[in-house]
Amino acid sequence: MDRIRIVSDKCVGCSLCVKACPPSAIKIVEKKAVIDLAKCNFCGACCEACKKYQAIIIEKEIEKTLKSDIPAYHGVWVFAEQRRGKIASVVFELLGEGKKLAGKLNTYLGAVLLGDKIESEAGKLILYGADRVFVVDDPALKDFHDDSYARTLVELVNEHKPEIVLTGATSVGRSFIPKAAVMLKTGLTADCTGLDIDMERKLLLQTRPAFGGNLMATIICPETRPQMATVRHKVMKASAPQPEKKGEVIKKIISGDSLKLRTQLLKTVEEIEATVNLAEADIIVSGGRGLGKPENFAIIRDLAQQVGGAVGSSRAAVDAGWISYSHQVGQTGKTVCPKLYIACGISGAIQHLAGMQSSEIIVAINKDPDAPIFQVATYGIVGDLFEVIPVLIDQLKK
Amino acid sequence: MNIIVSIKQVPGTTEVRIDPRTNTLIREGVESIINPFDMYALEEGIRLKEKTNGKVTAVTMGPPQAEQALRQALALGVDDGILISDRAFAGSDTWATSYALSAAIKKIGPYDLIICGKQAMDGDTAQVGPGIAVHLDIPYVAWIRKIEEIKHDRIKVERLMEDGYDILEMSLPALITVVKEINTPRMESLKNKMRAKKAVITTWSAADIGANPDYCGLKGSPTTVVRTFVPKREGKHEIIQGATTAEKVVRLVEKIRPVVR
Amino acid sequence: MDYFLTEEQKMIIETAKNLAEKRIKPVRQKYDEEEIFPWDIVKEIAAADLCGLYIPREYGGFGGGVFELCLAVEELSKVCGGISLSMAATALGTFPILLFGSEEQKKKYLPDLASGKKLAAFGLTEANAGSDAGAMQTTAKQEGDYFILNGTKQWITNGGEAEVYSVIAMTDKSRGSRGATAFIVEKGMPGFDFGKKENKMGIRASATRELVFRDCRVPKENVIGKIGGGFIVTVNTLYNSRPGVAAQALGIAAGALDEAIRYSRVRRQFDQAISSFQAIQHMLADMATEVEAARALLYATAKTIDSGAKDFAKESAMCKLFCSDVAMRVTTNALQVFGGYGYMKEYPMEKYMRDAKITQIYEGTNQIQRNEIALQLIRSAAK
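Chains as they are written, first to last, in my numbering: chain A, 1 to 398; chain B, 399 to 659; chain C, 660 to 1042.
Looking at chain A on its own, in the form it has when it is part of the complex:
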């Protein structure tokens, strides 16, 4: 039996599946869908598209070669990345999420802390939810190296057998965790935007975007352990710190072999980027002609800082010399597609809309109720931006 097949009687040749298939593996031949098995990647987008007729059957869960002794694995772990002795903020977000998952699985939340003279930071991890903190405090782990971090984590995992390991999708995390996963012969899902537990099967449901975010995929790691996932910054929420929480700090000694390095770190150079890259920003706050004068871009910058976004501009403001061209959004500027676009004092001329109308959520603040921007805005406030924005900043701070 082929792993994916078309139920010929049910197929009406509507070609919805053809349009939904990312690798273009389906064609309509004589009014019936035909799947090219060489191209199919079993993502199941076609099944989803054929909800009405249910003419596509996919046997996705077949027996796997790699297997772990699943009952032996317990615990949800979070890799507590630290850089220069400071724990990365994504770790606290993961602890917040990990706590929920551990709760559903009726197991403990652990954290793994690697570094040199790092033990004192363990308390912070307990504060934010960890029940146990596994600390490896060794000069060899002071700097991040893929070899030592991956092998150390593997050694710890092999000994303590956590069922889930979560890591921040940072430069460090995305670099060494794939190594650890392959060494552990287990599955890893990167950049998850959603995590949940399938309570029936006690599996971690890992949801992530694909194709630049236009499709979402839910992934499981059914037969191997641990189930590993990386999560980006600002996707999950840290839980409130609990000063009265108690936790165990477990100091581990790691074998010399795991700490051996094939790479040498010669130098580290810090470079703080002055501006957030507009094209890649998740949130953009833009100002336009309604600002009146260049100094007023200050409130745009303030709002941008409050929401952690980049500063954009309409062409009018750039042409008037109020802000540099690198901030211009629009037909002759940059095209952006952030999660949230806040347009302040921008009328919404076609040239500007062309650059931002595919943003997920568009908020418009403008004095003129007839401004065209309100026709594309998800949420609009008719009002004086000099009044609205300070109140908005205040409200967001709460």
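Mixed in with the good hints there might be a few duds.
[To be verified] Straight-line distance between alpha carbons at most 20 Å, and here's what the computed DMTMM-like set of lysine to aspartate or glutamate pairs gives:
no.	chain 1	residue 1	chain 2	residue 2
1	A	Lys-185	B	Asp-551
2	A	Lys-142	B	Glu-429
3	B	Lys-554	A	Asp-143
4	B	Lys-617	A	Asp-143
5	B	Lys-596	C	Glu-667
6	B	Lys-617	A	Glu-59
7	C	Lys-689	A	Asp-143
8	B	Lys-544	B	Glu-429
9	A	Lys-19	B	Glu-429
10	B	Lys-505	B	Glu-546
By construction, these hints were calculated from the structure, which means they are not laboratory data. Since we're looking at a predicted model, the values are computed, not measured.
Let chain A serve as the given structure and place chains B and C on it in line with the hints.
Just chains B and C, lined up with the frame of chain A:
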């Protein structure tokens, strides 16, 4: 110097958009392209080949049509293209993919450096490169934005981090993944295009590369996709009402809170 | 329309198209506004192996002919007629050497021109000798092993940027049409200087300068063909290079038309795309028909030349005349489709129109082209 570049053919829809009326993909443009990050890997490989008078081989795993990606690589200046293609590979996750590719690389022969693009724009996982490094047991560094120095047995690189960069050194053979800051990929040249058209692309099956089918395809993939769906978008347009500015703002913040942390 | 191109010809088009879209499009507006000579693009065109399409393989070229040259020029001109000119005008300056040069001269100059390492230019026009090329006043006096050139050439494309110049000068005024000689003059030869860069209406990324000869010493080895054969060189060069101008004009027209079609589908007025209005549809239909007719005439001419035909002066003039007149008409109407937006520099239409105009003027004004065509018609009829 022998360089191997691992590339992937991805759908050419860099602007994959969803048709809101039907909730389906809108595909425009060419059907398949070389993964954009791999273009930087190819460029770096070709530059190294030119500098060291060496050879660069591109390798890819995919359906028979992935041959096109290899011809494109040849049109840029790569010397050889190898395709590994087999029904057994269908449905591979990154574990199974890196396993198969490393088997192919073993068959290609001795190499000094393997270059991969940072990630593929359809899967976005950035896992295949490191996976290959583990299977081949060679040192690896990710996010390379500059090769500072390369000698016959050592390489010095700049790794891009969020807050700056690190300078590392490691022995060869090794694997690196590159970011787009590393170079500007060249255009195809007519002579190379013509050579690419006539070239014979070597195709290997799972058996040819000695890949155990149990470790390939769906069977060899620890992860499984259970569902692929289009994220719901709200197509609403709401003017927020309120007696005062403060009221309106409170309502607005309620709505945008989930997006803003 | 299918022109039954070979695989290689299709590859030339693909390569040029790719380059035009990825490298030329992002900079065309800036280079036009600031009159920047596109050396970076020239390097890319060279790296893409597009410079030597019409130069034989033995000199490092692709081994194609006028047709291959025109395909590349057309494709690049669809995106920018000014930037494409650096490559197209080099062909004009190269033809004298290609058609009449000695083996030594070909071996010396063609490889660098084929690889794109050097650019060429053609120095014929003077302030008082435009259409009336015979009235030229630049002289070349032989003194031993050298010719001493004195005079000024005007409006030379690639002037100042090119290294290799094919220059026509009078060696013996008394002999009339047998009194001119063609020379290869290299940048840097003593007595060879350039005037200021001209400020032009269009093709502003192309450099147009005076060539100033003040007792410029040119070795006698640099005479192209025979002494006194200058006009033969000129006339044959122009017969071969006019299709190149036609290709440039055709590209400009085709590029403008594509933009107009795209825009008409997006722009909405009266609650519809303007492409649903018959007025617009008829304009688009007329433009498309003219462009296709121009293309067919150009391709047929280029094939004729490449087939080794002896006599193609008429066809050459026809395709230059027709393509350039079409370019002017099409760019004007394509701009009209854009309405007010077409007039704004923010959109590329006004540049297409400004660029098109010169194609009706240089390498023989369209009035001269008509003279040529009529002359050939009458001559044939008289046989």
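We went through each hint and held it up to the structure:
| no. | hint | verdict |
| --- | --- | --- |
| 1 | Lys-185/A x Asp-551/B | violated, 30 Å |
| 2 | Lys-142/A x Glu-429/B | violated, 47 Å |
| 3 | Lys-554/B x Asp-143/A | holds, 17 Å |
| 4 | Lys-617/B x Asp-143/A | violated, 37 Å |
| 5 | Lys-596/B x Glu-667/C | holds, 11 Å |
| 6 | Lys-617/B x Glu-59/A | holds, 12 Å |
| 7 | Lys-689/C x Asp-143/A | violated, 46 Å |
| 8 | Lys-544/B x Glu-429/B | violated, 31 Å |
| 9 | Lys-19/A x Glu-429/B | holds, 13 Å |
| 10 | Lys-505/B x Glu-546/B | violated, 29 Å |
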